[in-house]
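Produce the complete structure using the sequences and hints provided.
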Amino acid sequence: MREINLLWMYPDILNLHGDRGNIMALMQIAESLQVKLNVTKSNSAEGAGDFNDFDMVYFGAGQLRNMQAVAEDLKTRADNISSFVESGKYVLVLGTTGCVFGKEISFSGGEKCQGLGILNMNAKELERTEMPMLTKEVYGDDIYCVCDDSTEIIGCQIQRMDFTLEQGQKPFAKVIYGYGNNCKDGTEGAVCNNLIFTNTMGPLMSCNPWLGRKIFEDILQKKGESVENSPVDSPLSVSYMDYAVESLKLKKQFIKEKKKLPGIIYKEF
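Residue 1 is where the sequence shown starts when you use my numbering, and the numbers rise one by one after that.
Zero decoy hints are in this set.
Each computed SDA-like pair below joins lysine to any residue, with the alpha-carbon atoms no more than 20 Å apart:
(1) Lys-103 / Cys-192
(2) Lys-170 / Cys-183
(3) Lys-124 / Gly-186
(4) Lys-174 / Lys-251
(5) Lys-214 / Asn-5
(6) Lys-170 / Val-191
(7) Lys-170 / Gly-88
(8) Lys-174 / Asp-185
(9) Lys-89 / Gly-224
(10) Lys-174 / Glu-152
(11) Lys-112 / Leu-64
(12) Lys-112 / Gln-68
(13) Lys-222 / Gln-34
Calculated from the structure, these hints are not laboratory results.
See below:
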């Protein structure tokens, strides 16, 4: 049976918004392709061993208070991580954890720390106000965006940081509805080779299984495995994909109708 090896980094602390659900969805997607997904967990960079032994590395969303510790731990294996990304293998990074892969991280208290610098972007914590309803943070709003290859991505967004992409940094997608990286430039997430960072929750892979299928098929092709005969017409695959496609249609219609109603307006305070 064909196999894909996935490394799940920091499952104990980067598990804030249904990240176990993403792993479960990836296992379902792999099963639909008749692929065995081997999941290895590690709570430290050193404990993970050689990143190049894996086909994909997964970083879930975590709390801001843990970001500096995660960044410092990953720096002990910075060369290994960089070579993994440069080789074209997949890294999926969700939510606030994206700041670890950028350049500078600025916290609301004035503290700053450096990320890995793989993504040419900076992150800044959004400041809270004394009035809870007057906050720039986003808790559970919808997000709908489209990638350059027309792949549609939909889900919800929990935003505690603004991300600013520097010149030359490619975004993951263009925002159609939602806050995105900073509610200013219409970008969502960032990519470098096959490192994908996105703020989309949902969980991401449950709402958008076509993204997981696209990743797994590319991994298989790079392993020399044919995907032409993948069982796309198996009952498992069809029911799972059909359900997600129908869900996408309903969510898009909901967002379209919601835009006509008065609601939260994101602006500078």
